[in-house]
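K.L.:
Now for the letters of each chain:
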Amino acid sequence: MYCIETHDLCYQFSNGQPVLNRINLQVPNGSIFGFLGPNGAGKTTTLRLLLGLLKKQDGSISIFGKDLAKNRINILRNTGSLIESPSLYGHLSAMENLKIQQTMYQCSPSRIKDVLEIVGLSHTGHKKTGQFSLGMKQRLSIAIALLHNPSLLILDEPTNGLDPNGIIEIRDLLKKINAELQITIVISSHLLSEIEKLVTHIGIINKGQLLFQGTLPQLQTKQCLNARFIFQTNNNTAAAAIITANGWEATEQNDLLCMPLAEDQVIASLNRQLVQNGIEVYRIMRQQNDLESIFINLVK
Amino acid sequence: MRFLYCFKAEWIKKRGSLAAWLVIIGGFFTPAIRTFAAIYRSDSTRKALLKPDFWSNHWLASWDTIAMFLLPLGVILATSLVTQIEFKNNTWKQLHTTPQSFTGIFWAKLLVILVMLVQFLVIFTIGTYLSGIIPSLIISNASWPTGAIPYSKIFSESVYFFVDCLPIVAIQFLLSLQFKNFLVPVGTGMALWITSMVSLSWKYSYLVPFSQGALFYLKTSGRITRDLPVHEVAVFYFTVISIISYILYITKKEKG
Chain A
1 MYCIETHDLC
11 YQFSNGQPVL
21 NRINLQVPNG
31 SIFGFLGPNG
41 AGKTTTLRLL
51 LGLLKKQDGS
61 ISIFGKDLAK
71 NRINILRNTG
81 SLIESPSLYG
91 HLSAMENLKI
101 QQTMYQCSPS
111 RIKDVLEIVG
121 LSHTGHKKTG
131 QFSLGMKQRL
141 SIAIALLHNP
151 SLLILDEPTN
161 GLDPNGIIEI
171 RDLLKKINAE
181 LQITIVISSH
191 LLSEIEKLVT
201 HIGIINKGQL
211 LFQGTLPQLQ
221 TKQCLNARFI
231 FQTNNNTAAA
241 AIITANGWEA
251 TEQNDLLCMP
261 LAEDQVIASL
271 NRQLVQNGIE
281 VYRIMRQQND
291 LESIFINLVK
Chain Y
301 MRFLYCFKAE
311 WIKKRGSLAA
321 WLVIIGGFFT
331 PAIRTFAAIY
341 RSDSTRKALL
351 KPDFWSNHWL
361 ASWDTIAMFL
371 LPLGVILATS
381 LVTQIEFKNN
391 TWKQLHTTPQ
401 SFTGIFWAKL
411 LVILVMLVQF
421 LVIFTIGTYL
431 SGIIPSLIIS
441 NASWPTGAIP
451 YSKIFSESVY
461 FFVDCLPIVA
471 IQFLLSLQFK
481 NFLVPVGTGM
491 ALWITSMVSL
501 SWKYSYLVPF
511 SQGALFYLKT
521 SGRITRDLPV
531 HEVAVFYFTV
541 ISIISYILYI
551 TKKEKG
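First to last, the sequence lines map onto chains A and Y. For what it's worth, this note's numbering labels the leading residue of the first sequence as 1, then goes sequentially. For what it's worth, this note's numbering labels the leading residue of the second sequence as 301, then goes sequentially.
Think of the hints as simulated: they come from the structure by calculation, not from any bench. Do not rely on the hints blindly, as some may be mistaken.
To be verified - Computed list of lysine-lysine pairs in PhoX-like fashion (alpha-carbon distance at most 25 Å, straight line):
(1) A:Lys128 / Y:Lys553
(2) Y:Lys388 / A:Lys127
(3) A:Lys55 / Y:Lys552
(4) A:Lys113 / Y:Lys308
(5) A:Lys137 / Y:Lys308
(6) A:Lys175 / A:Lys207
(7) Y:Lys553 / A:Lys70
(8) A:Lys66 / Y:Lys553
(9) A:Lys56 / Y:Lys308
(10) A:Lys70 / Y:Lys552
(11) A:Lys137 / Y:Lys480
(12) Y:Lys388 / Y:Lys555
(13) Y:Lys388 / Y:Lys480
(14) Y:Lys480 / A:Lys56
To be verified - Derived coverage of chain Y by chain A (criterion: at least 3 residues anywhere in the stretch with Cβ under 8 Å from a Cβ of chain A; other residues may be distant):
(15) 399-405
(16) 489-500
(17) 527-536
Even for Gly, the Cβ is constructed at its ideal location relative to N, Cα and C.
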């Protein structure tokens, strides 16, 4: 069962420039879905469409199994969000900002105290949010998103501008609420390293196209499939011939020679043969095919 | 019921804002000036307090600067400030992801401004009353104003001034919802106000938006004798412009 499902979602700017091209997003219930892509890939546009902030042009959006266009208010009643920078009334205190939302959502007034404690802002008293640091503003925005006990949280780059401690705090907080309250979380970021320790599922978007969607293990399998050894020699053509003669596939890429993963003994044997044939071997390395490089390869 | 929650939330937002202070300070400003002036000119105040039509004269004189100058400018500023709270704080996207209908949000915002206008008129009326009695308490040998307070005149004229401010509210509200730059609604409002002042002597001046309050004051104070349908025109402008504003708001493609 998917919490969010989009079908052939398309969007283009008024000048005709396409932003999203047939996005079929599937966010499972109870997951932490990392929505990844470089700046300008279409992440924020997708999230704004999911929240009804942009008018849908083509395709369909279903949240909690209901069509967004027909059930916007009901869906929003169970959704918390933080889109880009914090949205706070600077002339009001944290408590007053939460009071506004509490009035809108008609949730229990005691939740104000609860969420302030969750995000560690109970001590702010009458201090105006305009005087808060960026980290405090982000945390208060998350408190606002959590105030009405939503079933779905949509967070667009919530750790933007936070220091490493702040990032860890937010990450722990999101993990906790996902585990304890079974809240589905969609979190966008342009940095895989920032969310790979948090998410259960990943969607990778670039230039308006969804390039990958699946679980973290599925992405890691992709990582293994793409792993390889790289040789750097003074004569790649001759080296490729020797490797091929040993029954391995070798391809030249720029100044490098690539071959599939093999056992250490095989690599040692190949290295010996290359040297015996007068080829200077400068470097043999296993390609660091971590999630970051897969991400970079995907969005290239 | 949901509209009431929406209105309550909008009401909290203006708490402590510049617009909220403007209503209080603006409401007491002219009465405070008149109080000081009355104390300073103690001789003429003593005589005025004895007149049976003291309260009518005092009420009319208090409206002098308010009707022509302070009220329109105050409404221009306060409406723009309240409406622009969302742009200023980058909160449209947060507001539009709450479970409220766009219709509810629009009318709740407009209603907050109208209630603030009523608040201003009440504060101004209280201030005017205080500016009538405070000098009698401070000036030696001054008597307590003995004339009857014209309650129905005060009430009806306050209602008319409220109605005559509605076109200003509607135009400023429309502009402030559409333009992120605060200077656009304020600048346009000032330009329209100046135009209305310049056109006051024109035969059809009542058709110029923003002129209705000033024309009503001139009529009340006897400086204009001809009958003008200022209140009808004000209601017409308010209705038409509010509907246009509502349509523009709900059909906006990007809501934050």
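K.L.:
Confirm or reject each hint.
P.N.:
A quick look at each hint next to the structure:
1. A:Lys128 / Y:Lys553: violated (32 Å)
2. Y:Lys388 / A:Lys127: This hinted pair holds, its Cα atoms lying about 19 Å apart.
3. A:Lys55 / Y:Lys552: holds (9 Å)
4. A:Lys113 / Y:Lys308: holds (20 Å)
5. A:Lys137 / Y:Lys308: Holds, because 24 Å separates the two Cα atoms, which is no more than 25 Å.
6. A:Lys175 / A:Lys207: Not OK: A:Lys175 and A:Lys207 at ~29 Å, beyond 25 Å, violated.
7. Y:Lys553 / A:Lys70: OK: Y:Lys553 and A:Lys70 at ~17 Å, within 25 Å.
8. A:Lys66 / Y:Lys553: Distance ~22 Å between A:Lys66 and Y:Lys553 Cα, so the pair holds.
9. A:Lys56 / Y:Lys308: violated (30 Å)
10. A:Lys70 / Y:Lys552: holds (18 Å)
11. A:Lys137 / Y:Lys480: holds (22 Å)
12. Y:Lys388 / Y:Lys555: holds (15 Å)
13. Y:Lys388 / Y:Lys480: Roughly 8 Å separates the two Cα atoms, so the pair holds.
14. Y:Lys480 / A:Lys56: Holds, because 23 Å separates the two Cα atoms, which is no more than 25 Å.
15. 399-405: With 3 residues closer than 8 Å to chain A, the stretch 399-405 of chain Y meets the three-residue bar; holds.
16. 489-500: This one is violated; 0 residues, fewer than the three required, reach chain A with a Cβ under 8 Å.
17. 527-536: violated (count 0)
Hints 1, 6, 9, 16 and 17, counting from the list given before, are not met by this structure.
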